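A.B. asks: All chains should be built: construct the whole structure from the sequences, respecting the hints.
2 protein chains.
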Amino acid sequence: MKKERGLLIVLSGPSGVGKGTVCGALRKQDTDILYSVSATTRSPREGEIDGVNYFFKTRDDFEEMIKNDQLLEWAEYVGNFYGTPVDYVEKTLSEGKDIILEIEVQGALKVREKFAEGVFIFLMPPSLAELRNRIVNRGTETEDLINNRMTVAKDEIEMMDKYDYVVENDEVHLAVERIKAIVISEHCRKDRLIEKYQQLVEAE
Amino acid sequence: MKKERGLLIVLSGPSGVGKGTVCGALRKQDTDILYSVSATTRSPREGEIDGVNYFFKTRDDFEEMIKNDQLLEWAEYVGNFYGTPVDYVEKTLSEGKDIILEIEVQGALKVREKFAEGVFIFLMPPSLAELRNRIVNRGTETEDLINNRMTVAKDEIEMMDKYDYVVENDEVHLAVERIKAIVISEHCRKDRLIEKYQQLVEAE
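Chains A and B, in that order, are what the protein sequence lines are. With the UniProt record's numbering applied, the first sequence corresponds to residues 1 to 204, in that order. With the UniProt record's numbering applied, the second sequence corresponds to residues 1 to 204, in that order.
The reader is advised that the hints may include incorrect statements.
To be verified - Dumping the calculated SDA-like pairs for lysine to any residue here, alpha-carbon to alpha-carbon at most 20 Å:
#1 K190(B) with D161(A)
#2 K190(B) with F115(A)
#3 K180(A) with K190(B)
If you're looking for bench data, these hints aren't it; they were derived computationally from the structure. All of these numbers come straight from a predicted model, not from anything done at the bench.
C.D. replies: Structure, rendered in structure tokens:
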């Protein structure tokens with residue numbers, strides 16, 4: 001029987017919505033989902049580990065990866081590069097395992113061009129006021145940068161139309177449950193399974 | 001904010017696959033899903049209660065309901081009529097509540113014509129051999145009727161293409177978990193939510 005290919009799950013949403021927190025909470029649960037590690041030129045935040053949270057790269061190294069076509073997508077965002085190394089993603093999917101990418105909105109839209117069959121999840125704040133709170137509370141941004149991020153966020157929310165699912169991040173554990181349900185559900189989609197079951201009928 | 005309409009979930013699949021068992025197990029769980037009750041002219045099986053498992057009707061009464069357009073769908077199946085009274089379904093959906101219909105394949109396809117936005121789930125046996133076992137073990141059918149049901153089942157499995165999801169009923173609790181995941185996931189589909197979130201951005 002032909003092996004079912006893994007799901008590429010793309011978790012995205014405006015900066016500050018809590019992608020990292022939700023993805024971190026999902027990781028702590030017992031699922032079979034693997035996690036892609038992005039490359040970035042931004043500085044590590046406290047507690048972030050190279051090769052675990054991100055591959056932290058110099059600008060020169062990152063540009064070399066772009067040139068050699070080693071990135072599934074890359075984008076410049078508020079002055080830094082972010083990108084997804086392609087090798088690990090392809091290998092995981094072809095082994096029939098699911099992999100989740102946690103990436104910025106620009107990057108997600110580029111992945112969509114190459115992986116139309118991916119599962120694209122847009123993480124939403126309960127409100128724009130709450131989004132501003134979260135960015136302010138992170139405490140790493142100046143007032144100007146916060147306003148800049150809010151403007152970008154509003155543009156990004158308009159892009160949810162390009163996604164398959166919208167998950168509200170009202171509470172982290174609820175957002176995690178919704179994402180887990182989406183993954184189970186996508187594995188049951190008829191389009192992904194019909195080949196398998198036609199074999200079952202023909203085998204009779 | 002405009003009230004989100006409930007989901008119409010249609011659980012179907014070949015006779016003997018375990019629709020009733022799975023639906024019964026789902027009912028015992030703490031979900032917000034309501035259950036439609038079908039009308040039928042077939043005789044009650046042991047333990048089945050009128051108005052709970054089915055509305056048991058005479059052939060005359062059933063034909064009266066057809067004539068008065070009180071059925072969302074109806075079908076004749078192995079000599080009996082089955083149908084879904086339309087009132088309760090419409091009322092439930094417009095109140096924003098989810099409702100599940102457990103119906104035969106013919107009926108499900110008719111519901112699809114009227115409710116294209118419904119969530120159509122096809123319950124699959126792990127194999128055709130296992131399906132035969134289940135029909136035999138039910139102990140209510142003659143050998144001829146079993147063979148008849150198996151022929152119908154194979155034709156019905158070909159119809160899974162008309163469904164959104166295929167759920168394998170390998171173990172009842174697993175099938176129930178998959179159905180619950182599909183319901184959560186469908187509530188997160190962008191197409192169902194985009195209106196709500198556009199209001200959020202415009203409200204700013």
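A.B. asks: It remains to establish, for every hint, whether it holds in the given structure.
C.D. replies: Status of the hints after comparison with the structure:
1. K190(B) with D161(A): 7 Å, holds
2. K190(B) with F115(A): 18 Å, holds
3. K180(A) with K190(B): Holds: K180(A) and K190(B) sit about 16 Å apart, inside 20 Å.
In summary, this structure violates none of the numbered hints.
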